[in-house]
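Q: Here is what each chain is made of, one letter per residue.
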Amino acid sequence: MLKDYFENLEKGIVSSIQEQGGKASPRKLYSLEIARVGKRLYSGTNKVAWCGVTAPFDLLYAMGLTSCFVEFVGAMLASTGMVGDIIEVADHVGYSSDVCSYHRAVTGAAIKGLMPRPELLVGTTNPCSGGLGVIENLARHFSKPLFILNIPQGDSDHDVAYLAGQMRDLTEFVSTHTGNKLDRERLKAVIENTNKARELLIEVFDLAKQSPSPANNKDLNNFLISLALILGREECVDLAKAYRDEFARRIANNQSGVEGEKIRLMWIQNRIQFRNPLEKVLENEYKALIVIDELNDIAWDPIDPDDPFEGLARRSMSISFNGTSFRRIESLKRLAKDYKIHGAINPCNWGCRQGTGTRGLIEAGLRDIGVPVLNLEVDCVDERKFTEGQFRTRIEAFMEMIQSNPSPWQ
Amino acid sequence: MYYLGIDIGSLSCDAVLIDRERNMVATSVVPTGARNREAIAMATEFVLSRAGISRDKVKAVVSTGYGRDRVEEKLTSVTEITCHAKGIQSLHSGAKVLIDIGGQDSKCILMSDKGTVVNFAMNDKCAAGTGRFLEAMARALQVDINDMGDLDAGADGALTISSMCTVFAESEVVSLIAEGAGVNEIVKGLNRSIASRTVSLIKRVVPDFSGMQFAMSGGVARNKGVVRAIEEALDYNVFVPEIPDTVGALGAALFAIERSLQ
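Protein chains in written order, with my numbering: chain S, -5 to 404; chain L, 5 to 266.
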């Protein structure tokens, strides 16, 4: 099912680009790359590694693996509108409906034979324990070896060395189980591409910060978290360049992503993955733009291509979910100030400790700098729990509230 | 000229007609039922006939509530959160915290001195503790929902209703009746459980109650027992307008004046 889906998606996008004489928006190019990630995963010929969100995908790519975080499958199934039946399969084997639907979808997909059989699995202890549990279950389901990266919560030199050592061990583990040896020159070239993409992406986000922003609500939706899957590839560099050039062009032409932009918002954690009208409501009725997603943040330094393991470790530890809530809140405050947002939306994804456990602290932290927060309480994957009227009322009331109060940046 | 506010909720459709001096001229509350367009027409017809004016004297209509987009002749629609805040400010300007419990949701709204919404919270995930919840409990107790407001009076203590899921609470109530528990004590227990849930919602928005004046709107505010339980839990008085159901529609009517002048 998903093999056909990704193949058809790729064909459709390619033919649409051809019809436009080879022209494509950066978002279309992004969708094409995501379709190709899916196609590689489901090709049946590539060596696949199912991973946690903070795994070093470029390192695994350099070692000849097609790697992906498992939640990608949950998100894709949600976007196809077929996730309900698959989640039910996970429920049948005992999962509670209060468990994160990303992970129930992945579990259901594995049971139904919708997950490609991996060569190995790489779990990560960050960002969530639920994801690690799913990977452990998948390792048992597929009877395949599992390597767990224990991501330290601090960021001391000792912590970095500890994780870098594990990443070196990971290369040995991959070699043992796939026969693929680490080629230092190939890894160097991959990391150089990662660094090029990083520089360009920083430019992209700097351009997006402008007021009005050249980005629209779709451009950077689910962006960086999925882009991590192609880090290290030439295509990632090209895609980042396309975004940079398009945003620069829009700014030069006084073209804003949302015409008449009035309200700037931050989306905390992941977006809602299934089709829903909320972003259109924001854009069409309130001229509101989600100008920054929490996960569209590059808080890591360039990686040394000759000795990348410390840099890769620092990158895995840099995600704002790692460490204390205080650290995460400071990161959100920084983004709020950098992007001059008027409000933040926290979906509080059902069953997600990162999404719901800290919501009061996040709300209080952002309110300290004058930024109100809307807690949505939405299941971002299972559309059967989505009641449009309820969510629309909350979003619209939040917009009305922002409109009737002074901007935090006045 | 006159201005009409219509609040189409899950249980009732409320209409308020005001004149250009912002005086309330007529109100109506009709059941929404399954066909909300019919309810809208009925509520409109009632206020116009009560006021003795024809439709062409209405300069602007603003709608609110879950069915707000169903009002075809609206100038605009505004959410019930903003409308309830607007409405209560015109009735009690000192109110800073509004508790609104309607048919399927409960809200706590914090307002500025100017009556704008500063923060709000709504019930999440389920509608326990709302009007529908009370309807189900009245059915289980075999009492008229309109009589429930006085049934807590004279209760010899309150029974604990441990669950706030409507279905489970209903079966719990049925079990209590079967065990011979008194209706008054059960009702008092239900009121307390709603109050406890409501105060949790308020605390999310207003961590410190000092200097706050509370008000309550929505159909559940007609239930004096629930209001008493909330006052006890808050340890503050709660202002309840004469017709709490129509506060949202009043706010919508006030927006009709403002928006038609823009």
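Note that these hints are calculated values from the structure, not bench results.
There's no promise every hint is true.
Claimed, not checked - DMTMM-like, lysine to aspartate or glutamate: derived pairs with alpha carbons at most 20 Å apart:
id : chain 1 : residue 1 : chain 2 : residue 2
1  : S       : K274      : L       : D73
2  : S       : K256      : S       : E394
3  : S       : K190      : S       : D298
4  : S       : K379      : L       : D128
5  : L       : K228      : L       : D154
6  : S       : K212      : S       : D151
7  : S       : K190      : S       : E304
8  : L       : K118      : S       : E253
9  : S       : K331      : S       : D291
10 : L       : K207      : L       : E174
11 : S       : K331      : S       : D239
12 : L       : K207      : S       : D298
Q: Each of the hints needs a verdict: does it hold here or not?
A: Hints and how they fare:
1. K274(S) - D73(L): 16 Å, holds
2. K256(S) - E394(S): Distance of about 12 Å is within 20 Å: holds.
3. K190(S) - D298(S): 12 Å, holds
4. K379(S) - D128(L): Roughly 12 Å separates the two Cα atoms, so the pair holds.
5. K228(L) - D154(L): 7 Å, holds
6. K212(S) - D151(S): 38 Å, violated
7. K190(S) - E304(S): Given that 20 Å is the threshold and the Cα spacing comes to 18 Å, the pair holds.
8. K118(L) - E253(S): 31 Å, violated
9. K331(S) - D291(S): 13 Å, holds
10. K207(L) - E174(L): Violated - the C-alpha atoms of E174(L) and K207(L) are around 27 Å apart, more than 20 Å.
11. K331(S) - D239(S): Distance of about 25 Å is beyond 20 Å: violated.
12. K207(L) - D298(S): Between K207(L) and D298(S) the Cα gap is close to 50 Å, so the pair fails against 20 Å, i.e. violated.
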